[in-house]
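Next come the chains, spelled out residue by residue.
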Amino acid sequence: MSRIKEFNLPDLGEGLTEGEILAWLVKVGDTIELNQPIVEVETAKAAVEIPAKWAGQVQAIFHPEGTTVEVGTPIIAIDTEPGAGPVESSATDLPTPSAASLAAVEVAPAEGAVEPGLIGGPAPGGRTAVLVGYGPRTTAAKRRPRKGAAPAAAVPAAAVAAPVAPVAAPVAPVPVPAAPVSPVPAVNGNGHLAGPVLAKPPVRKLAKDLGVDLRTLTGSGPLGSITREDVQRAASAPAAAEPLTAGAPATSAASFGADREQRIPVKGVRKLTAENMSRSAFTAPHVTEFLTVDVTRAMKALDRLRDRREWRDVRVSPLLLVAKAVLLAVKRHPMVNSSWAGDEIVVKEYVNLGIAAATERGLIVPNIKDAGRLSLRELADAMTNLVQTAKTGKTSPADMSGGTLTITNVGVFGVDTGTPILPPGESAILAFGAVRELPWVHKGKVKPRLVTTLGLSFDHRIIDGELGSKFLRDIGDFLADPEAALLAWT
Amino acid sequence: MAKGDPGASTRGRRAAPRSRKAATGDPELVQLLTPTGERIESVTGPDGTEYRVDFTDEEYRGLYRDLVLVRKLDAEATALQRQGELGIWASLLGQEAAQVGSGRALRTQDMAFPTYREHGVLYCRGIDPIMPLGLFRGVDQGGWDPNEFKFNMYTIVIGAQTLHATGYAMGVAMDGKTGTDDGEAVIAYFGDGATSQGDVNEAFVWAGVFNSPLVFFCQNNQYAISEPLERQTRIPLYRRAAGFGFPGIRVDGNDVLATYAVTRHALDNARHGQGPSLIEAYTYRMGAHTTSDDPTRYRIASEVEAWQAKDPIARMKAFLEREQIADSDFFAEVDEQARREAIELRERVLAMPNPEPVTMFDHVYPNGSPLLDEQRAQFNKYFDSFEGSTH
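Line by line, the protein sequences give chains A and B.
According to this note's numbering, the stretch in the first sequence is residues 1 to 490, in order.
According to this note's numbering, the stretch in the second sequence is residues 1 to 391, in order.
With the rest of the complex left out, here is chain A:
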């Protein structure tokens, strides 16, 4: 057995097919212990840490953070005898690929038509064809067709890999219009039927009956498996497949095709955001109202706050005042802090105040738990904390769940306001626009004043226009004159 061992991404939770690498906890060259956490992986069910299966030294890491990896794909190689001298990389040291060949796979372009290349020889796209291993895109092993059998759609790409069979040689996707090849983990599992090709038992039987060598076929089924139709096609019309290869990539002048489109996989935060937005937009009837407010007084109040000794180290932003305004207005109109639960409306006595944040991983909405009970100072600290946690990507799912009402600060992007979509389960969201110096009628004269526009979207099933308007009005009144509002309301 080889001393370099590859660890394949396992199915972490009953029937999962893929996982996203969130964070590597080790790097190449690190010495690791058995069961030491090495990587954090997020699946559709959970984000979990995977403990090392072997002690040793990290030889290679095959997928960077942020990539989605299919179950069964190697993610890390560990040298289990790091003290035993340099690793031989001769072909006999297989089945594990050397780090160098893996690195070649790593930089290989994921897309594009690559003609069959000989192992070790140059291949199109600037990559080197590798002997054994797993690239981002691989197909099942293909061998030279058996004499008399159909050439079919298969291209004999890795015939010279025979000495190391049954480990499949990776080749780039071969563009065969009639038989699209899906990426497939090259090595089958440990099943009793495990062979170099994937096919269901009845298909194998059919192949046997018709005298078709499954290994000569390219599968068109899921994961590149060979289907009944593939077998029948190969058995009936050897020549029928010819035009398929001939009809391959026709370079034409067409310039509005796939070559000029970029495809970004929808996953992680983007996927979640999309689901939430669609769900909310099509289940909760939204209305949005706007209010433009002179916030000159409030900005002056903020300046005075910053000047106070005990507030010197506190981050004081206009958003803080908006948050305070919202919390005070909720106290006056508790119904806005509620959610629609089918046959009843749940009015919450606590406010978990969501603050929408743009992060490198996308839009996230962490919330401040029980924000209504916090003093202004505590609220300021909580907001600073929340933003920093979000920026460093450490926001936990718990921080993001249970929000009851949200503020989105679109003003930081320099726009005036928006018509925000409700986070699912919430019934109001406030957009806070940019604060601009504008000509404004103040005490009968046009003066330059600091003005902002608020946009409030609310769930019209729960909140009527009157209630929504009063709530927005109160927020506006507070921002126009915080001191007076405080005196009047509290």
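Honestly, the hints are just simulated from the structure, not real lab data.
Be aware that one or more of the hints could be misleading.
Computed list of lysine to aspartate or glutamate pairs in EDC-like fashion (alpha-carbon distance at most 16 Å, straight line) [unchecked claim]: (1) A/K205 <-> B/D384; (2) A/K205 <-> B/E387; (3) A/K208 <-> B/E387; (4) A/K331 <-> A/D477; (5) A/K5 <-> A/E81; (6) A/K45 <-> B/D293; (7) A/K45 <-> A/E18; (8) A/K200 <-> B/E387; (9) B/K381 <-> A/D209; (10) A/K369 <-> B/E303; (11) A/K200 <-> B/D384; (12) A/K271 <-> A/E42; (13) A/K208 <-> B/D384; (14) A/K45 <-> B/D294.
Using the hints provided, position chain B relative to the given structure of chain A.
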């Protein structure tokens, strides 16, 4: 192992400074060891029962060893699942004391009906800890003999085993095996979520009406997968028993001593023909429900931290240290034993053979059946027809 006899002795060499009256109000629970490792000598339950334990130093150390080993083996199994070597694993992390305390309270003749999380009880019954791993690896059906070890097979269906236990306990009574000091008792394990199942409520009814020698042992770990306790019940679970006509009591499930005392008492009542009772072991599942879910999505970190401070092993260690029952050499030796046994468990799991597909016919009927034999033959023939079949 531990042979303390609650309620019988006042020898109490390690006489703790105080006794207290417990469990008149809801939040009260029987506790003999506080989270900081302080020993309470005895607690009087709501019905006047005095709960106490009287262990030798050796027995105290034995309980500690059990707790540590059970936790370590469980952690190894969790790691094996993360490494793709087990299909799934239901961790008992946090519930060690509830399982070891009740498991050690069982006597040889007593029969236990577990869920799929009772690895600690299984260990106490003397079953090789490798046994359940074959089940979770999908290579066997869980290979122990329930009659030999008096520990039924793991039951995956939530709450179903309470009915099996009730039937078994009714049988024990009908066989006239109760009513003496050496009578037989039965214990049924289940969780807080199972109390919402019809099966469990039916079991309560039958066991109550037939006065069965059965202890319902509910490990209330606060979550039915993601559903919190307050969505399961409006009253404390142990109080449900009153409605079915038998006693219920709540014990600190993170306190191995109290769990032992309360379970031993309930089992003795059962074996003497006094009928069933319900024990609610109040505890917390520190990990996920199984390796397939993410607890951070449904509970907050501060709650987990609060329970971390009530850890069953830490308090036992603090007690052993304070009373000078064990020294650092002992703790190191236990840790080393746990490490060794975990590695051994890992190696044995990795060496488990994959079963031949045809073995699925093996354990359907004890003596086979003509129909099954025919199916087996057909399957073999079908299997041989595959191209490249090595069968």
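Going down the list of hints, with the structure as the test:
Of the pairs offered as hints, the one joining A/K205 and B/D384 holds, with about 10 Å between alpha carbons and a cut-off of 16 Å not exceeded. For the hint linking A/K205 to B/E387, the alpha-carbon distance of about 7 Å falls within 16 Å, and the restraint holds. This hinted pair checks out: A/K208 and B/E387 have alpha carbons roughly 6 Å apart, not beyond 16 Å. This hinted pair checks out: A/K331 and A/D477 have alpha carbons roughly 14 Å apart, not beyond 16 Å.
Taking the CA atoms of A/K5 and A/E81, the gap is about 10 Å. The hint holds against a cut of 16 Å. For the suggested pair A/K45 and B/D293, the alpha carbons sit about 6 Å apart, so the restraint of at most 16 Å is met. This hinted pair checks out: A/K45 and A/E18 have alpha carbons roughly 11 Å apart, not beyond 16 Å. Note on A/K200 and B/E387: the hinted pairing holds, with a Cα-Cα distance of about 11 Å set against a maximum of 16 Å.
With a C-alpha separation of about 15 Å, the suggested pair B/K381 and A/D209 falls inside the 16 Å cut-off, and the hint holds. For the hint linking A/K369 to B/E303, the alpha-carbon distance of about 14 Å falls within 16 Å, and the restraint holds. Distance restraint check for A/K200 and B/D384: the Cα-Cα separation of roughly 14 Å lies within the 16 Å cut-off, and the hinted pair is therefore satisfied. For the hint linking A/K271 to A/E42, the alpha-carbon distance of about 13 Å falls within 16 Å, and the restraint holds.
Straight-line distance between C-alpha atoms of A/K208 and B/D384 comes to about 12 Å, which keeps the hinted pair within the 16 Å bound. Of the supplied pair hints, the one linking A/K45 and B/D294 holds, its CA atoms being roughly 7 Å apart against a limit of 16 Å.
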